[in-house]
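Undergrad: Take a look at the letters that make up each chain.
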Amino acid sequence: MSPKQRRMPVFVERKTYRRRRMADGARMLPILGALLFCMPLLWAVSSPPKTTVTMFYLFLVWIALSVTSAIISRHLHDDDNGSQSDAENGGR
Amino acid sequence: MASLNVLVLVCLIYVIFLFAVAFAADRAALHGRGAWLRSPIVYTLSLSIYCTAWTFYGAVGFAARSGLEYVTIYLGPTLVMIGWWWTLRKMVRIGRSQRITSIADLISSRYGKSNSLAVFVTVLAVIGTTPYIALQLQSVTLSFSIFAETDMISGGPSSQQSTAFWVASGLAVFTILFGTRNLDANERHHGVVMAIALEAVVKLFALLAVGVFVVWGLSGGVAETLAQIDASPISQFEVTNSRWIGLTMLSAAAFICLPRMFQVMVVENEDEGHLRTASWAFPAYLMAMSLFVVPIAAVGLERLPADANPDLFVLTLPLQEGRDGLAILSFLGGFSSATSMVIVAAIALSTMVSNHIVMPIWLWMSGESAMVSGDVRSVALLARRLSIAGIVFLGYLYFRVSGGGAALAAIGLISFVGVAQFLPSLMGGLFWRGANRVGAIAGLVVGAMVWMYSLFLPSFGDTVFLPQQVIENGLFGLSWLRPQALFGAEGLDPIVHAVMWSLLLNTFVFFVVSLLSFPRPIERLQGAQFVNVFQHSGTAGSWSGGLAQSEDLLIMSQRIMGASEAQALFAGAARHQGIAGLLPEPTPDFLQQLERELSGSVGAATAHAMISQIVGGATVSVEDLMAVADETAQIMEYSSRLEAKTEEQARTARQLREANEKLTQLSVQKDAFLSQISHELRTPMTSIRAFSEIMRDTEGLTEDEQNKYSSIIHDEAVRLTRLLDDLLDLSVLENAQVVLNWQTGNLAEVLDRAISAAGVNEPGFKVDRIRAKEQLELRSDLDRLAQVFINVISNARKYCDASDPVLRIRSKQSGGNLIVDFIDNGSGIPTDKQALIFEKFSRIGETKAGGAGLGLAICREVMARLSGTITYLPGQNGAAFRVTIPIDVEAAKAAE
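Going down the list, the protein sequences come from chains B and G.
In the numbering used here, each residue's number is its place in the first sequence (first place is 1) plus 16.
In the numbering used here, each residue's number is its place in the second sequence (first place is 1) plus 2.
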């Protein structure tokens, strides 16, 4: 890789920008999911919540995460120039 | 009542159907048909081997015992999957670019293709997976026995054992048949993947069907089911924080590290884009799998007798309600879960065992050389087939020995903890360049030992491997070494306790040893390629080619890859190199490509070892090392280069700007001169015309008047002639057409001549000379030199604006040159004009003496002909010119 390509442009075109923000979203999603999945532990501090309530909560969060993940991964679709911008993005 | 015979029949039909599907898929792939085989949906479904029989049956049992806690087993993988951008994407990219065949291969590749590491990972994976295979066999036999009980056929343990045996044999046959069709483990097993995708659909459908039956068939609706859950013993969400978080983390780690998951996720991956679909579809699949677990458990707890095994509610509920069809479907679901897991686990483990243990041993035994006669290819295939049979048999043996009791049921999580020990080396290898082989081995050893001691060995019961005394009082009677309360951490759940300590110590040792030890070059190279896989998905370490003989390589490759494939590869490489025939030059590029191809068949470490036997050792080239050394170095080098270039450009720009300024000024000067010269020419012409007209037209001019007018005409004509002479002189000098007349003389005499000719011997102008220093002999064209002096001196006379003008003339000898300085006490020449005074037509300021501006230009040309120079000498409190003349012009010319 030539050093030239390492240089990151400060401004990128709109599409690339959007794609990178979607990648940021994809990175944050599991952290958000982990937090949400741990919520029932907070409810249990005073008295254990009902299984049915917790069940509804967990499954709703689960569905929401799947849907969000689907939306994000759809926007990460244009992978044609992906490797290029990945490299610029530090590969992360 | 469902007859056992019907069940066996259905089961057989199902198995035959699976064989047919696998066979058809393999055929379709072989003929290049079946793009749908490579669809992301098939990939997603194949990931579902995560849901084994242990989760199919066991989840309900888990829920019946501890409520919603079972869901953690699915939450971990969900989080990993929706976080694919972090980890899985990188793993898949590396797996594809490095042709990774198993998780042992990945770890050993990362740490410098170390076979010892691969062996260790393989052994740990086998230890961790064998009980799990036993668990699958147990679930199948248990579910069979349920049908046998209801069928009132005397079952008994012996028939259970035989069931397990037949199931194990069938699975081994299937796996060998479809899992080892081709040697290249990196090629996709389309048949197997298709079969497990189908089984994924069956088990999901079965579980959903049972769930729908329970909710709407038995309870009578959603509201009633919820009421039933509220009334059941599991109505409260009672989980401890540590177990909830610990189990979620554990299942997430296992999802990444399990050999079978690695197999379907990375090795069988067809296209990186499939991950994108799986990132949401697989969490949705898991969600659907766990949706009805709690209702089934609650209803089962209420309806079935208290002594019923909750692990089998999925099966016993429909049976008790007389829904035989549903029960058989449910059985097929469990059967699918069990078989798909065993098949993929056997493929994954057999690849590891044969590549990292059997093949190296065989190569070593067969005489140190890969060149011995015999077909490596068939040996490798045989090794893999025997490994499959061996692994399945080992599972069966474990099942027999352990007796299939409750101890086995707990083994699911225990083996999760075992394989989770790969996590620090794996993640460290993917994200940390500093991770090295020694650190990885140390971390793995420590983690595995802690796991063994604190979880695996105690799981066999009190007295099997660890004496009761050790469990209660610790090793050597040290209470802080009690297996389930290490370092005094009492009261924790054993699983959470083991996860915490084993992973903490593993990571800590891995990190510290990596910090303290130094990696080999190839480790650093591989490390850079793994960690920065998105920057350079390209090359691995290079071979020092040229020593190898292509023919030997071809012979070796033929025996591993098969004759036609190897020949095609070599011929392609030869064509690529522009060589006719079959044998390419063993360039580093080609050797690298070959190594990668071979590693698809026998693993990276073995392929590396085999090529190095022929080539005589891989080297890491200087270029490779430089690539590894530091990106920052490259960037710094680049930026300093850029800086230098910028400076150079700035310099050039400055020069250009100066030149441009000079040109502009010259152009202005020229314009000024043109008007000046026409004026200069016109003035004498006008007076000549006027006086000649007077002399022609006026009659009666006196003698005096005639003399006066004609001398004016003469003077003006002389002036014109001088001007034209100057121009001519300059043009001759510039074109180097001048003829010089070399003579020897004294500098003082030349100066005398010049001063008298310049007409400065008048009162108002003083010339300050030191005659003693002017007694210098020189050989030059003295007439031309005098011309230069005259010009300079008369310039001083004309332009020196001091009230009491003095011209100092200083001479000295310097080396082979004479230096004569002419310095007046006038105001000098402004700096911005100094560059211009030697140009033609240049005149400083408004001339009062009416020169044509050619004098200094002529001087410069003359001096150039005489091999000397005339320059302006700044900083002398007046106009100052320095004339440098060689003492012997002919010698100077010769030197030039």
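Watch out, some of these pointers could steer you wrong.
Within a straight-line C-alpha distance of at most 20 Å, the following computed SDA-like cross-link-like pairs (lysine to any residue) qualify [as the list claims (entries may be wrong)]:
hint : chain 1 : residue 1 : chain 2 : residue 2
1    : B       : LYS66     : G       : SER234
2    : B       : LYS66     : G       : SER68
3    : B       : LYS66     : G       : HIS681
4    : B       : LYS66     : G       : ILE363
5    : B       : LYS66     : G       : THR242
6    : B       : LYS66     : G       : THR746
7    : B       : LYS66     : G       : LEU735
8    : G       : LYS814    : G       : LYS800
9    : B       : LYS66     : G       : GLU304
10   : G       : LYS92     : B       : ILE79
11   : G       : LYS664    : G       : ILE792
12   : G       : LYS710    : G       : ASP731
13   : B       : LYS66     : G       : ALA225
14   : G       : LYS92     : B       : THR68
15   : G       : LYS92     : B       : MET44
16   : G       : LYS710    : G       : ALA692
17   : B       : LYS66     : G       : PRO235
18   : B       : LYS66     : G       : TYR874
19   : G       : LYS92     : B       : PHE75
20   : G       : LYS842    : G       : ILE792
21   : B       : LYS66     : G       : PRO307
22   : G       : LYS92     : B       : TYR73
23   : G       : LYS92     : B       : LEU92
24   : B       : LYS66     : G       : ARG245
25   : G       : LYS92     : B       : ASP40
Short derived list, chain B residues pointing at chain G, Cβ under 8 Å [what the hints assert, rightly or not]:
hint : residue
26   : ARG34
27   : ALA42
28   : LEU45
29   : GLY49
30   : ALA50
31   : LEU51
32   : CYS54
33   : SER62
34   : PRO64
35   : PRO65
36   : THR67
37   : THR70
38   : LEU74
39   : LEU76
40   : ALA80
Please keep in mind that the hints were generated in silico from the structure rather than gathered at the bench.
Bear in mind the structure is a predicted one, so any value in this text is a computation, not a measurement.
Just so it is clear, CB atoms sit at the ideal spot from N, CA and C, and this is done for glycine as well.
Undergrad: Now tell me if each hint is right for this structure.
TA: Hint check:
Of the supplied pair hints, the one linking B/LYS66 and G/SER234 holds, its CA atoms being roughly 11 Å apart against a limit of 20 Å. For a cut-off of 20 Å, the pair hint linking B/LYS66 to G/SER68 stands: about 13 Å separates their Cα positions. Among the hinted pairs, B/LYS66 with G/HIS681 is inconsistent with the structure: their alpha-carbon atoms are about 114 Å apart, more than 20 Å. At roughly 58 Å between alpha-carbon atoms, B/LYS66 and G/ILE363 are farther apart than 20 Å, so this suggested pair is violated.
Proposed proximity of B/LYS66 and G/THR242 is supported: the alpha carbons are some 15 Å apart, at most 20 Å. At most 20 Å may separate the alpha-carbon atoms for a hinted pair to count; B/LYS66 and G/THR746 exceed this at roughly 123 Å. Restraint check for B/LYS66 and G/LEU735: the C-alpha separation of about 112 Å exceeds 20 Å, so the hint is violated. Among the hinted pairs, G/LYS814 with G/LYS800 is inconsistent with the structure: their alpha-carbon atoms are about 26 Å apart, more than 20 Å.
At most 20 Å may separate the alpha-carbon atoms for a hinted pair to count; B/LYS66 and G/GLU304 meet this at roughly 18 Å. A threshold of 20 Å between alpha carbons decides the hint, and for G/LYS92 with B/ILE79 the separation of about 26 Å lies outside it, so the pair is violated. A distance of roughly 28 Å separates the Cα atoms of G/LYS664 and G/ILE792; the hinted pair therefore is violated under the 20 Å criterion. The hinted pair formed by G/LYS710 and G/ASP731 fails the criterion: a straight-line CA distance of about 31 Å is larger than 20 Å.
A C-alpha spacing of about 15 Å is found between B/LYS66 and G/ALA225, which places the hinted pair at or below 20 Å, so the restraint holds. For the hint linking G/LYS92 to B/THR68, the alpha-carbon distance of about 38 Å lies beyond 20 Å, and the restraint is violated. For the proposed pair G/LYS92 and B/MET44, the alpha carbon gap of about 17 Å is at most 20 Å, so the pair holds. Between G/LYS710 and G/ALA692 the CA atoms are separated by roughly 13 Å; this keeps the pair inside 20 Å, and the hint holds.
Proposed proximity of B/LYS66 and G/PRO235 is supported: the alpha carbons are some 11 Å apart, at most 20 Å. For the hint pairing B/LYS66 with G/TYR874, the CA-to-CA distance comes to about 102 Å; that exceeds 20 Å, so the pair is violated. A threshold of 20 Å between alpha carbons decides the hint, and for G/LYS92 with B/PHE75 the separation of about 29 Å lies outside it, so the pair is violated. Taken as a hint, the G/LYS842 and G/ILE792 pair is honoured in the structure, with Cα atoms around 18 Å apart against an allowance of 20 Å.
Proximity of B/LYS66 to G/PRO307 is assessed by CA-CA distance (about 25 Å); at most 20 Å being required, the pair is judged violated. With a CA separation close to 32 Å, the supplied pair G/LYS92 and B/TYR73 exceeds the 20 Å bound. With a C-alpha separation of about 15 Å, the suggested pairing of G/LYS92 with B/LEU92 holds against the 20 Å cut-off. For the hint pairing B/LYS66 with G/ARG245, the CA-to-CA distance comes to about 18 Å; that is within 20 Å, so the pair holds.
For the suggested pair G/LYS92 and B/ASP40, the alpha carbons sit about 15 Å apart, so the restraint of at most 20 Å is met. The beta carbon of B/ARG34 is not positioned within 8 Å of any beta carbon in chain G (closest approach about 15 Å), and the interface hint is therefore violated. At about 4 Å, the closest approach between the beta carbon of B/ALA42 and any beta carbon in chain G falls short of 8 Å, and the interface hint on this residue holds. Contact between B/LEU45 and chain G, as hinted, is supported at the beta carbon level, the nearest pair being about 5 Å apart and thus within 8 Å.
Given the 8 Å rule on beta carbons, the hint for B/GLY49 holds: about 5 Å separates it from the nearest Cβ of chain G. A least Cβ separation of about 6 Å between B/ALA50 and chain G falls short of the 8 Å threshold, and the interface hint therefore holds. Among the interface hints, the one on B/LEU51 is violated; its C-beta lies about 10 Å from the nearest C-beta in chain G, farther than the 8 Å criterion. About 7 Å separates the beta-carbon of B/CYS54 from the nearest beta-carbon of chain G, less than 8 Å, and the hint is met.
This hint is violated: B/SER62 has a C-beta 12 Å from the nearest C-beta of chain G, more than the 8 Å allowed. Below 8 Å, beta-carbon pairs count as interface contacts, and B/PRO64 has one with chain G at about 4 Å; its hint therefore holds. With 8 Å as the threshold, the beta carbon of B/PRO65 comes within range of chain G, its nearest partner Cβ sitting at about 5 Å, so the hint holds. For B/THR67, the interface hint holds, since its Cβ comes within 8 Å of a Cβ in chain G; the closest pair sits about 5 Å apart.
Satisfaction of the interface hint for B/THR70 is found here, the shortest Cβ-Cβ separation to chain G being roughly 4 Å, below the 8 Å cut-off. Hint on B/LEU74 holds. Least Cβ distance to chain G is approximately 6 Å, under the 8 Å limit. Below 8 Å, beta-carbon pairs count as interface contacts, and B/LEU76 has none with chain G, the closest being about 10 Å; its hint is therefore violated. The beta carbon of B/ALA80 comes no nearer than 11 Å to any beta carbon in chain G, farther than 8 Å, and the hint placing it at the interface is violated.
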